[in-house]
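6 protein chains.
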Amino acid sequence: MHLSEFVDRLDTELQVDQWAGADYAVNGLQVGPERADVDRVAFAVDGVVETFEQAAAADADALVVHHGISWGGIDRVTGKEYERVRALLDNDIALYAAHAPLDAHDEYGNAARLCDRLGLDIVAPFGESGPGHAGQRGRAETPFSTVDLREELATLEGAGDVQVLDFGPDELSDIAVLTGSGTDWLDEARAAGVDALVTGEGKQPAYHEAKEAGISVFLAGHYATETLGVKALQSLAEEWGLDTTYISHPTGL
Amino acid sequence: MHLSEFVDRLDTELQVDQWAGADYAVNGLQVGPERADVDRVAFAVDGVVETFEQAAAADADALVVHHGISWGGIDRVTGKEYERVRALLDNDIALYAAHAPLDAHDEYGNAARLCDRLGLDIVAPFGESGPGHAGQRGRAETPFSTVDLREELATLEGAGDVQVLDFGPDELSDIAVLTGSGTDWLDEARAAGVDALVTGEGKQPAYHEAKEAGISVFLAGHYATETLGVKALQSLAEEWGLDTTYISHPTGL
Amino acid sequence: MHLSEFVDRLDTELQVDQWAGADYAVNGLQVGPERADVDRVAFAVDGVVETFEQAAAADADALVVHHGISWGGIDRVTGKEYERVRALLDNDIALYAAHAPLDAHDEYGNAARLCDRLGLDIVAPFGESGPGHAGQRGRAETPFSTVDLREELATLEGAGDVQVLDFGPDELSDIAVLTGSGTDWLDEARAAGVDALVTGEGKQPAYHEAKEAGISVFLAGHYATETLGVKALQSLAEEWGLDTTYISHPTGL
Amino acid sequence: MHLSEFVDRLDTELQVDQWAGADYAVNGLQVGPERADVDRVAFAVDGVVETFEQAAAADADALVVHHGISWGGIDRVTGKEYERVRALLDNDIALYAAHAPLDAHDEYGNAARLCDRLGLDIVAPFGESGPGHAGQRGRAETPFSTVDLREELATLEGAGDVQVLDFGPDELSDIAVLTGSGTDWLDEARAAGVDALVTGEGKQPAYHEAKEAGISVFLAGHYATETLGVKALQSLAEEWGLDTTYISHPTGL
Amino acid sequence: MHLSEFVDRLDTELQVDQWAGADYAVNGLQVGPERADVDRVAFAVDGVVETFEQAAAADADALVVHHGISWGGIDRVTGKEYERVRALLDNDIALYAAHAPLDAHDEYGNAARLCDRLGLDIVAPFGESGPGHAGQRGRAETPFSTVDLREELATLEGAGDVQVLDFGPDELSDIAVLTGSGTDWLDEARAAGVDALVTGEGKQPAYHEAKEAGISVFLAGHYATETLGVKALQSLAEEWGLDTTYISHPTGL
Amino acid sequence: MHLSEFVDRLDTELQVDQWAGADYAVNGLQVGPERADVDRVAFAVDGVVETFEQAAAADADALVVHHGISWGGIDRVTGKEYERVRALLDNDIALYAAHAPLDAHDEYGNAARLCDRLGLDIVAPFGESGPGHAGQRGRAETPFSTVDLREELATLEGAGDVQVLDFGPDELSDIAVLTGSGTDWLDEARAAGVDALVTGEGKQPAYHEAKEAGISVFLAGHYATETLGVKALQSLAEEWGLDTTYISHPTGL
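Residue numbers (numbering that gives the first Met the number 0), protein chains in the order written: chain E, 0 to 252; chain H, 0 to 252; chain P, 0 to 252; chain F, 0 to 252; chain G, 0 to 252; chain C, 0 to 252.
Hints should not be assumed to be uniformly reliable.
The list treats identical chains as one, so a pair stands whether inside a single copy or across any two.
What the hints assert, rightly or not - Here are the simulated DSSO-like pairs of lysine-lysine, each with C-alpha atoms no more than 27 Å apart in a straight line:
1. Lys210 x Lys79
2. Lys210 x Lys230
3. Lys202 x Lys79
Worth flagging that the hints you see were computed from the coordinates, not collected in a lab.
Work out the full structure: start from the sequences and follow the hints.
This is the structure:
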């Protein structure tokens with residue numbers, strides 16, 4: 000498949016156009032030539048020197064990531080940007096990044112996939128963000144206990160100890176899921192009246208905001224909550240007849 | 000002492016004026032009447048319902064915090080803002096917040112106090128931020144090992160397990176200190192060539208940025224790294240002849 | 000009725016969402032707890048200490064005003080903001096504000112109500128403002144003389160001497176109505192070719208702009224031209240089965 | 000005198016450069032050719048068709064005003080802008096406007112002149128505005144009663160009935176003066192603790208802000224409070240050897 | 000015809016409203032009185048003193064141009080703005096400007112007209128700009144050679160030597176047309192894969208961008224490529240029964 | 000010399016810091032690794048694939064240009080950005096760009112060097128731009144005729160036919176020099192009263208602005224007027240003991 004066709008297909012599936020100007024990340028093809036073929040595609044959460052080298056070792060022509068290397072543009076190709084661009088160009092690997100469009104997507108999105116993994120029925124979008132949302136609100140037919148939900152999250156690829164701010168009810172059935180860094184939406188979670196918020200990393204205000212709102216917050220790790228979206232794209236690429244490989248590189252964050 | 004005099008003294012000491020428009024936080028008196036007396040002052044890291052109630056229990060007239068309740072202004076006194084304002088007004092407690100000015104201050108600042116605690120000689124400001132800086136760069140006369148620095152940080156009030164991204168040299172003597180959420184400055188740390196960055200919480204990009212830069216990052220907790228600044232202000236208030244009390248409320252974040 | 004339901008109903012009737020980001024005022028619930036009941040509602044033009052105390056004296060649970068206390072957010076709960084928030088919280092009164100949405104509304108709006116009072120048929124919106132308009136353009140079946148229109152306006156609650164910039168024709172039938180401070184729209188009035196502009200307060204440029212345009216401007220007072228909108232909301236609340244009271248407090252401005 | 004020299008002198012005296020970008024008005028020469036001579040200069044508060052025609056009748060080559068015709072630029076020379084530009088060009092009159100620089104000036108400024116007229120000693124600038132201030136704070140050696148201050152203000156050229164919001168003390172000695180539209184600075188007046196604010200026109204919030212602050216507000220008219228600045232410039236022009244004339248045209252606003 | 004009707008007709012035909020806020024130029028009537036009649040209309044590319052005088056010599060009541068005199072508003076009617084406004088007012092000529100709306104228009108637009116002149120079938124809009132586009136992409140049934148296209152362009156009114164950056168294929172059939180200053184869109188031309196870009200003036204980056212992209216760029220002159228749009232409007236005015244005249248004044252740029 | 004030292008020296012000489020945020024170009028090191036040595040440096044006007052390859056052919060370690068590849072940041076390393084970055088990285092060439100700082104510099108700057116070449120005494124900076132200026136105003140002891148100045152400019156490297164808008168006086172002694180694209184400053188030239196403006200490329204408004212102002216404009220080519228600055232830096236590098244080479248690649252623009 001031509002690289003341009005591969006890029007067009009992903010842009011279309013992920014409705015990348017809708018996020019133009021609304022995501023600090025540059026979505027779509029971040030690094031790559033005008034003309035190239037793509038036979039083998041690697042998938043990873045983070046686009047960094049290490050995953051670029053692993054993609055090269057796997058003979059990939061392109062790498063699809065959630066976190067790319069261009070955030071609001073690259074001012075200078077120096078420092079870490081130099082090393083990252085160099086690793087891509089030296090190995091002839093094109094880099095495709097899907098940030099907000101992949102968080103938000105109702106089918107392939109990180110939150111949608113995580114709801115599915117937890118057995119939650121999606122009842123509404125959650126997490127206002129730009130032209131759409133960054134997460135999902137799900138309902139568990141059988142409520143989770145805090146211990147059970149924590150254990151379930153601990154089985155995610157790359158999850159370590161799942162930290163819990165245990166301020167919600169004993170039975171958790173109304174659950175907001177916003178992967179990555181989701182504690183900025185605790186006000187919305189409070190207004191919505193959910194029992195719990197499942198996210199990746201926690202910021203300073205989260206403890207008291209959760210306590211005052213009576214919501215349990217599960218911090219399962221930024222990496223661990225964001226592998227499912229790129230894996231969903233991997234399945235899509237397989238359907239398109241491409242060779243694929245997934246690069247696992249948990250960070251503990 | 001009149002509340003207005005207490006506020007003026009803090010504003011002056013912390014050079015609050017210099018940060019007008021450059022800090023998302025509103026610095027200075029956030030909540031309080033025009034005329035009141037201050038005899039007893041409480042100090043805490045976070046300005047939240049729980050610390051407001053503890054300040055009331057301690058008979059405080061005012062509470063000085065690092066994290067206040069007005070960030071870019073309060074749109075509506077509803078939700079958590081209602082509960083927080085209510086807790087202050089019902090208990091006649093004035094709230095004074097010092098955010099960026101307290102991070103930056105060369106004597107009372109969080110980073111300056113933490114350098115002092117670690118026995119580092121401050122060699123330069125670190126962490127460009129608005130009109131100044133948000134941290135300090137220190138030098139250890141006797142280099143730390145990773146284990147030693149981690150153990151030292153674990154003795155901070157409120158510190159739990161200190162997480163280390165152990166990518167720097169074995170001997171750590173050139174150390175950037177930026178309390179709270181400091182991993183956004185890893186590019187500056189890389190350009191400066193430091194051995195280690197000591198901060199509170201870690202964000203997603205930190206793992207690979209630290210690894211690619213060969214810098215060890217110590218995540219000692221947002222709360223744990225930011226108690227020293229308000230404690231320094233407590234000492235100042237004591238010098239002014241005021242009764243003081245410190246409210247400890249670690250968050251695990 | 001739950002406070003949240005009362006707020007939702009008003010937000011919906013007034014289409015508050017359409018004005019998000021387009022009105023310097025914060026519309027909707029400005030001050031109030033998450034959970035409360037509303038049995039008795041007061042209505043007033045201005046949300047200030049005095050009307051808060053009168054609402055308390057009337058045993059109101061909530062006060063609906065045209066001019067609230069949050070304009071672009073409240074930076075600090077100090078000075079007059081402290082006194083106003085305190086008066087609301089001490090008396091357990093929720094504050095709901097409807098500014099631009101109440102000026103603009105085609106049924107409950109200040110301009111629409113004033114047209115009705117003057118016997119004008121509304122022919123078009125007037126006064127471009129954000130996503131909509133701030134006033135109405137009406138037609139009098141029988142033209143007013145300057146004296147008659149002035150006298151009619153002098154009967155409004157809170158009107159004192161109505162000031163007239165008498166530069167229009169003798170017979171006034173095509174009349175723009177924009178309550179409050181409407182002389183900023185004299186260019187639009189000139190382009191529209193109206194005979195008169197009815198508004199509340201006048202700003203410096205109005206005299207010559209009216210004279211050069213040949214338009215008569217009636218300055219009936221900011222307060223006096225803006226009581227009709229909140230009174231229309233009062234009727235609505237009565238229909239919903241709530242106890243209501245109107246607080247009259249003219250300002251002479 | 001060449002027009003360009005006349006303009007340069009005024010720009011220099013009024014420090015017009017300091018207000019670039021900080022005043023919505025365009026200060027300095029607003030309308031005029033590159034090369035012209037100035038023998039006779041008219042002065043007026045408002046730059047409008049009527050004063051342009053009176054300047055022409057007085058054989059003036061230039062007109063100096065406080066309120067010009069370019070506010071944030073002239074988008075189209077149509078409507079009132081067409082008539083005003085036409086009146087200037089048809090009569091070969093250059094238009095010079097001094098808005099914020101003339102309010103602020105410590106010697107020629109409207110507030111400084113009005114303090115002088117009222118016999119107040121200027122003690123500090125008042126009314127933060129852009130790079131400077133828009134008014135002055137003065138002290139009366141012998142305090143005014145409300146009646147006396149009102150009567151004194153009623154003697155200003157163009158003053159009609161002076162409206163008073165009589166909420167301050169009986170004796171008024173600490174007086175903020177901000178000509179034109181000054182009620183936006185009532186918060187600053189409250190924080191400063193003045194007894195009274197003297198200004199021109201009043202806006203809706205002024206009544207309750209004055210009442211809650213315990214400050215008396217004197218509304219002497221926008222026009223009436225702003226004739227002294229242009230008259231001070233007239234004296235200056237006389238010193239430069241130019242023929243001058245003052246055009247009086249009160250507006251009742 | 001009343002001037003206001005003439006203006007309304009042009010505004011409607013050119014969909015001027017769609018470009019509000021998206022064009023640095025002020026489109027529509029730039030200079031003119033509220034009431035005037037239009038019998039004779041002149042058309043020119045540039046609205047400058049010289050064309051204003053020629054319009055006056057031709058007894059025109061109005062002049063329609065592509066480049067007017069108000070770009071982001073007129074701060075001061077001084078310098079060249081004074082001379083230009085003066086020339087219009089002294090000769091009682093109204094000025095109507097159509098900038099982006101005339102570039103973009105699918106029927107009257109400069110690019111559409113130039114495609115027609117070159118015998119190209121328009122296949123798609125070209126040149127993203129504001130809410131629309133600034134050019135057209137056309138296809139030549141019989142491909143042009145570089146020499147032929149250059150010669151054809153040299154026959155445009157006002158064209159001198161047509162400069163060619165000859166980096167495209169020998170046969171040119173897929174041709175982007177963006178009149179005036181179009182080399183800023185060479186990235187879009189490259190992504191679209193066209194053979195050639197026809198435009199007016201060239202900017203510094205164009206040489207290497209064209210060379211690296213393998214696109215031939217024809218610089219036929221800003222003036223020469225933008226006479227066809229105003230001429231199309233002239234035909235329209237003739238259809239409306241107005242007397243018209245075209246003012247030719249090539250600039251060599 | 001270490002690359003970092005070379006970069007520091009240039010940054011210091013050119014006072015690059017002063018232009019941060021004021022130049023759309025990213026000044027300083029645009030592409031390069033953290034650690035590298037520089038023995039041989041190439042200099043060129045334009046940083047493009049062709050000059051990168053010529054620098055490689057000349058065995059250069061670094062290339063210093065006036066026009067770099069990062070303008071407001073690089074959103075995506077695709078299209079021409081991919082080819083340009085690739086050419087640099089494949090050949091291990093670091094790219095240093097000096098745009099506005101090199102135009103403005105009083106010693107090494109393009110305008111200063113061109114004044115020197117023309118034998119003009121610099122009398123003042125010309126061309127307000129950001130924190131400084133973009134050109135120089137010079138005086139010829141013996142006035143130029145139009146023909147002589149044109150011929151002199153035709154001797155610049157890369158100059159072709161010099162286009163002249165011949166609207167100034169016969170004797171040209173007061174001459175504004177602003178290299179590259181300088182016709183945007185014709186208003187300033189008019190206000191300054193110069194006889195001529197020497198620049199590189201011309202934009203559409205220049206013809207009539209020059210004519211109405213009575214100023215002769217010399218369009219000597221963007222490339223041709225901007226070789227002298229980089230050549231001045233080349234001399235500086237020679238003084239520092241580095242091997243240098245100049246890459247000539249005129250564009251005809």
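Verification of the supplied hints:
no., hint, in the structure
1, Lys210 x Lys79, "between (39 Å within a copy, 10 Å between copies)"
2, Lys210 x Lys230, "between (34 Å within a copy, 25 Å between copies)"
3, Lys202 x Lys79, "both (25 Å within a copy, 17 Å between copies)"
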